[in-house]
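Those protein sequence lines, which keep their order, are chains A and B.
Using our numbering, the first residue of the first sequence is number 140, and each one after it goes up by one.
Using our numbering, the first residue of the second sequence is number 258, and each one after it goes up by one.
To be clear, the hints were calculated from the coordinates, so they are not data collected in a lab.
Keep in mind that the hints are not guaranteed to be accurate.
Stated by the list, open to error - Computed footprint of chain A on chain B, listed as stretches where at least three residues anywhere in the stretch have a Cβ under 8 angstroms from a Cβ of chain A:
(1) 292 to 303
(2) 463 to 477
(3) 480 to 488
(4) 510 to 519
Just so you know, even glycine gets a beta-carbon here, dropped at the ideal spot from N, CA and C.
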Amino acid sequence: MTTMTDPPGQGFRLSQLIYDTRYRSLTIQMVAMILLMLTFSWLVVNTITNLHALGKDFDFGFLTQPSGYDINQRLVEYDSQSTHGRAALVGILNTLLVAFLGCALATVLGVTAGVLRLSNNWLVSRLMAVYVEGFRNVPLLLWIVLIFALMTEGTPAPSAFRGETPSSSMLFDAVAITNRGVYIPAIHFAAPLFENNFYNWLLVLIVLAVSIFVVKRIAHWASVRQEATGDRPTTWYLTLAILVLPIALLLVLMGAFLDLPSLQGFNFGGGVHLRGSLIALWLALSLYTGAFIAEIVRGGILAISAGQSEAAYALGLRPGTTMKLVVLPQALRVIIPPLISQFLNLTKNSSLAIAVGYMDARSTLGGITINQTGRELEGMLLLGLFYLVLSLAISGVMNVYNNSVKLKER
Amino acid sequence: MSDTHAQTVAYVRESMTEQREPPLSETGVYKWIHGNMLSTPLNVFLTLVSLWVIWTVLSHVLPWAVFGIWDAASLTECRAIRDELYGADGSVACWAVISERWQQLLFGFYPPEGYWRPVLAFVLFLAAIAPILFSSLPRKLLWLTLAAPFVMFWLIWGGTIWGPICIALGFVLGWAAIHYSGPRIGTLAAVILAIVLPLIYWLVIAGPLAQALSTVLPIGLNPVASREMGGFMLALIIGISGIVLSLPLGIVLALGRQSDLFLINKVSVIFIEVIRGVPLIVWLFTASLLLNYFLPPGTNFDLMLRVIIMVTLFSSAYIAEVVRGGLAALAKGQYEAADALGLDYWKSMRLVVLPQALKISIPGIVNTFIGLFKDTTLVVFIGLLDPIGLSNTIRASTDWNGIYWELFVFIGLCFFIFCFSMGRYSLFLEKTLRREHR
């Protein structure tokens, strides 16, 4: 009697490549690989032929050549004799600057609007709903162009601040809003400790960081003491002194003073000059992204079931403590990942700077540099790479965070 | 029964007291206002601030908008009328710019006698999308959905009707190849045939065939070039074709990202991440500056078509992530059940997994579409005339130099109405879908 479980005829047949599931995946991948490589080589051959026909080559040497154009806003030293690479760096720093400012303001706006939209005050929650829906449903570009038009056409010229009875006046005698930008006070040092101003500010930052660290230690010590003895030592004057005294001492030592903007000739001088383009881009990005963040915050708080806060109330916690200890830690787990992807969106949207002439990475590296050198391929490649690295870095941070807060299950 | 009788115990009430009205502070408007606006000092403060904000905005905007001037030929004329009516410092809108230029904002430089064509195409689009969005409509309408793209293309761009028909025939050919030859030569060969046969047809036969047919039977509309289109029509064309074309690609990418095959998986992941990591504006510049480098020398085609290709690739990465969410949200039992029934990969996807996963993803797809529709305004930077580009043109003209609020309010309102209603639809969908899953 023959058994039914006899294996079918041994040996490898070609048809197994298609009909046998053990080998089929291999076949599919091989075919896909060949197709992919064919497409790639087709594109590369096309590119080489086209470049050759135009008499161009593929070369990043232009990055070390003098750029020959000026950038009106720069965070590092730059002039028209600097290289294209330096110009790209200035642009990248400008992108990062507006992205950082935007993320900060958008978070503040978004969290405020999201919490207020949950308020039981009918008027406030409706007002916030209008803000959120209004900004979410209109293109960002329109907001940027609109705010820029307001900044340039709706604000007074510097000459309006002049004369016996000026038609415009500065806010608190310190901030001037003009159609050439906003002038705010700057902090200067009369007796700086270092030649390079950067190190002075670094010193200030370090002192601040150390103070904050000490304050945290004090709070920790107070908690330990409370757990041991039952009452919490009063620390607020200590905290305040440690926060204020060192930094004040340092500032006095370096002779810090406020440099107020004032009318000099046809324009304002002194202080810090924030260009209209930066302000318009910053405000529009923050207001737009803030509306999305508001929805995320609202959703996150709503996602924590009412039972959680009721349980906290039943334990006798007060509303503030409930929020701090029960709702927020859980809501943050829901809120942070989409929040970070909003930051990512904001950073990518900052490339709309082109609408207001703000000199970001796209305008320098992907704009003027390309126009002057005719190196579209290299320029766009570098620009894309910059955004890609930025995105991957931010999503990497998000993954680390997700792993650290995810529910620890066995 | 208890032994204690009511009459023996003096303090037991025998009848219910009459129900009384709640106190005045606990009913009606007073309670509502008190509870919702004035319950705590903080609330009072917030209410006052909101009232102040609302008053400031409305007291400026309402008179400005309501008393606006609708009938003037230029901004100077508008200002002259204003001076006459309200004095020189009266602040009123000059809606005349809208009443004079609204057609341009909606259609760009499309020939005015042909405005009915894009409008009809839009109505057709709504009719075609209806059976997909509302499952209560008869399934026969899906035939309309299949035919709509070709008719819409013909309506908007004009030209001979035989062009779209001959292209559509290619799809029929592909379908016929699978349907009739499939049982005879096996599925794999039929699929290859269904790809190769229409390609040959399109490349070799379709062009001469359309030409021959149009000389025999010339039915057609006035052709309109892409560069004459603009305004909201352009935004809709790019947005809708981008989303529709990116759906199949997005689904394939999502499946690729879920796939166990190493190479397919990695290629999908890299494609999706690269596309999503770089802003749309960089991709648009790539389309306008670089696409010519990657194609055979001498290829040159319509800028609008290039933008549509780029937008399609761009949104397919986002759609892929949405669909992936839908695939992940599906219970694992569904996959296993399909496997247990002996369905192969494509059958299990087509018959079991995708219908459910796509249904879950529709709200996400609608949201992607809203985002894409808003992003179509970016084409202004590569020289297409979207609403914002047209507003720049209008602001640069001598008649309307210096006007901006009115134009931006109009454009913003149009976008708002469109996006807001789609957003509401997506919310409605989310609610109905959630109920089904409980």
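Notebook entry, point to check: Checking against the hints above, which ones are violated?
Noted result: Checked against the structure, the hints that fail are numbers 2, 3, while the rest are satisfied.
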